[in-house]
Amino acid sequence: MIPRRPAAILLAVTLFSLPAAEARPWLGKELLPAREAPPIELQDQNGAPFQLSSLRGKAVLVAFGFTCCPNICPVMLSELAAARRALPPEQRALVDVVFISVDERDTAESLKQYLPLFDNSFTGLTGPREAIASVVKSYGGYFRKDERGSHAIDHSTDVYLIDPAGKLRAVFQRSQLGETAALAADIARVLEKP
Amino acid sequence: MTRPLAIAAALAAVSCKPSPKSPLEVVPLSGADIYSMRCSVCHQQDGGGIPGNCPPFQNSPRLAGQPSELIHLVLQGRRGEVVRNGETYNGIMPAWRDELSDDQIAAVLNYILETWQPGAARVSTAEVSAARAATENAPLLPQDG
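For the protein sequence lines, the chains are E and S, in the order given.
Quick note on the working numbering: the first sequence kicks off at 811 and runs consecutively.
Quick note on the working numbering: the second sequence kicks off at 23 and runs consecutively.
Take these hints with a grain of salt, some might be off.
Covered stretches of chain E (in silico footprint by chain S; criterion: 3 or more residues with CB under 8 Å from a CB of chain S, positions within the stretch not fixed) [said to hold, decoys possible]:
no. : stretch
1   : 869-881
2   : 888-898
A short list of chain S residues far from chain E (calculated; beta carbon distances all over 12 Å) [stated by the list, open to error]:
no. : residue
3   : P50
4   : F79
5   : L85
6   : G108
7   : Q139
Hints listed in this document are in silico derivations from the structure and should not be mistaken for laboratory results.
Built from N, CA and C at the ideal position, the CB exists for glycine as well.
So here's chain E without its partners, still in its complex pose (with noise of 0.2 Å):
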């Protein structure tokens, strides 16, 4: 029979030929094109300036938070400490998280007591209102005083991956941020293949 779809056969040799690495899927769900990360400017838990492009060179995941969050912010803390943990000590080194206060209680000093609680390398970042909410948004994320409680906040809990070059990759979903081994693939991903 004569081919007569030849972009399905071309897709076809196409898929074929990709290597391996390629076939796996993602984790997290892939943001395509790359994108630059939004900047972020804040101030971080040593009272210093921050700066996102700072970390260039670095795989870089983003989350929101506040240090009183009862529950979901150190679990998913916790599980980013997991996945860096799980990679190897060459690759750890080149992995930072980033938490982002969203409660306006939270000081430098407030965050550099509470990261510790999960990893000694966490950077924690605060500043004025508006250019928290800002950032927030320039991810897509929000966040509100949630009026059932006095003092809860509810955020956004999704996570970014931003590669070495501060391209943004990928987003997680903080219910699979459980699943150690594939984090820790997809962050070694953006590190191999920058």
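For chain E, the structure is supplied; the task is to place chain S on it using the hints.
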């Protein structure tokens, strides 16, 4: 089947009412399931915890102690240091009151007790319900005690 009846049956099949025999209701998650899904990231599947962060269940004086304290801990969580066998652990035990039902808290605690403190008394759902009511306004993640 007549045509209108067939259509009615088809409509019934796509409506979103829970089926009375919903498998979710018939087969609740086991304590072991809940442990793997919610607890093992910190406590680890083998109960060994994380050095410097989360104490092991093996030889835990808390597991050997009062079940009421364990229930309180799971409902409210805890933050801060704890020293075991000369080792210091500093981590956060999340508060599970909004995430797990009374049945689930009893099931997961009983799984932990059966596995790492087999001689201990079991926890009942009624005890968890009573503790939940008593701690309605208690602070989450207390740092002392």
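Exercise for the section: Hints the structure violates: just list their numbers, smallest first. Expected result: none
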